[in-house]
Amino acid sequence: MASPYREEHEQFRKTVRTFAQKELAPFVDEWEKSECFPNEVFKRAGELGLFSAHYKEEQGGIGGDYWFSVAKGEELPHCRSAGVSMGLLVQGDMATPVIGDLGTKEQIEEFLKPALKGEKIAALGVTEPNAGSDVAGIQTWARKDGDDYIINGAKTYITNGTRSDFVTLLVKTSPEQGAHGCSFFLVPSSTKGFIVAKKLKKVGNWASDTAELAFDEMRVPKRYLLGEENMGFMYLMQNFQTERLIAATSCCAGLQLAIDEAIAFGRDRKAFGKPIIKREYWQHKFVELLTKLEAGRALSYKAAEAYNDDKHVNNGQVSMETVKLISMAKVFVGELSSEIIDQCMQFHGGAGYMEEYPIARAFRDQRLLRIGGGTTETMRYYLAKLMGL
Amino acid sequence: MKILVPLKRVADPDNANKVKVNAGKLVTTGLEWKPNPFDEYAVETALRLTENGTATKTRQGEVVVVTFGPKDSETTLRAMLGTGADRAIRVDTGDDQIDGDVVARALKALVEKEKPDLVLCGKQAVDGDSGQVGQQLAEYLGWPQATFAGSIESEGDKALLVGREVDGGTIKLRVELPAVVSVDLRIVAPKSVKSVHTPATHAYPEGVRFAALMAIMAAKKKPLAEVKLADLTSDAAPKIQYLDYELPPARKAGVKVKDVTELVTRLKTEAKVV
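In order, the protein sequences belong to chains A and B.
Counting in this note's numbering, the first sequence runs from 1 upward without gaps.
Counting in this note's numbering, the second sequence runs from 1001 upward without gaps.
Treat the hints with caution; some may be incorrect.
Below, a list of computed lysine-lysine pairs in the BS3-like style, where the Cα atoms sit at most 25 angstroms apart [stated by the list, open to error]: (1) A:K278 with B:K1256; (2) B:K1071 with B:K1020; (3) B:K1057 with B:K1256; (4) B:K1220 with A:K14; (5) A:K22 with B:K1191; (6) A:K14 with B:K1034.
FYI, nobody ran anything at the bench for these hints, they're computed from the structure.
Let the hints inform the model, and build the full structure from the sequences given.
Below, the structure written as structure tokens:
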């Protein structure tokens, strides 16, 4: 595959890397401790175009292709905090693409444009206390009341949830119809009955805030319904592929960083008379890990190319073949990240277990990749269905 | 104020070990090109002098960037247009077969055409390290010059007070415009550049600015002109001839000594440094 990147992609890549290294990395230790990075980071990232590259110009975007987003996802790990990366990726690639696809002019003005500028913080509300990757099982319910909907229920594990300005919210509008009774709403967090119930403590991704939300007789006007009623599940399958795609491509870049740093560590660290990277065991191990990473990146790029062709070249729907590739990439890279980070930590010995080495944070953070955006098991379940096994 | 900034692309200095020599010639294929860091500082300085630092959208002057190179060196120019330069000119040449003197003579002709108030350049390029173009250009133009600027204060855009670090302090030179000024690393510190357009209290972020995506895309529409070297100077023959290139010798392994006495002895008798 020829390089998908042109001159402006490379310049944008440089911008994102410089931003991550100069304006994020020096502060992430502090943000990891406070368990939330400042709101101004969204504003600054918006100014630099981090959210808007792949949106159409009339939506407040740049009108670029998806490779801008891939380049961004690959450079963000230079900030050295998966929590910060994740918070920023939710804003431009997880909670908002569906608004670009389905939003009315008013919804684009009210939600998408300010989100792409980083002026309004976006969150995605799908998972519930009793329904995670099995989305059809959600219980939050919107009942019709005249021209409005009254929403009751709860959402959990919501990234950016403690300070979001609006949530792209999946609810049941026709509970009796199961998966085919779901709808999406755009709900401002200032709505009466919108409650941030709790800030959650997590294993990793500390710099990102995660919330449990509750909705108590929350009245939402019909103009906030996104797309058509009861089409939510279809939209979720169609419009949320970027979440998994950007996770896979960004993760590969983060893994490369971890391996590079481990190898640099192993050149200095001596055991039994020579640098540990000169031990044949570890040489073979790193060759194997780098080979697998190359395979993971190739698969992710194939998925990204398929997605970009569907959406930005043919301007159409995401094909089932593309969904398959993205799901495979997400599973493969997610599982691979646990293996690579685990081995890199092992290679560090005792030092790797200490907070002063970046591998310690990476060790906590990587674990989410097998869970967030659909667990490995759920992804395989869908893949089996998709392939008619 | 109108400022002309000549800039050069150099092989990525962080990947210097990728430079290869073949039959006495530098192999440039596969090298990653970057703008010469000192030239980037010059562009940043020029931008600071031609804007209000607290409201950068409205320009208070013009910055024209110039490079000498083949078609693909326009990438370097567009990167600078992305960070805020207003216009670009590429003088069509190869990456080699020119030297500082050819560049200075060509720039003189360009300056006479463009009539800038100031030529700002990096103090040297980090590949050849010659550090000659600024001084030669000032001489050819008969303009005042101040070199290795660590600070610049614009006095009503009529003259510049240029600070240069020397042993034990800073020397300050006042140059009347038009002039040629070359800049050093410290020029991109938060308060190194002062102009009438920016409040004195304003502090810039350390270093050079980077381009927002919108600016990168908009830069594609900014004017970029091509000029033939022959149209600027009738004598394009370089004065410096490069006869041969060779890589520095690989470092030899060190030797271990038993004790300080042996060390001193060998420093005296073998290394002959004490």
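Cross-check of the supplied hints:
1. A:K278 with B:K1256: 22 angstroms, holds
2. B:K1071 with B:K1020: 23 angstroms, holds
3. B:K1057 with B:K1256: Judged against 25 angstroms, a Cα distance of about 62 angstroms means the pair is violated.
4. B:K1220 with A:K14: 17 angstroms, holds
5. A:K22 with B:K1191: 18 angstroms, holds
6. A:K14 with B:K1034: 11 angstroms, holds
Checked against the numbered hints given earlier, the structure breaks only hint 3 and satisfies all the rest.
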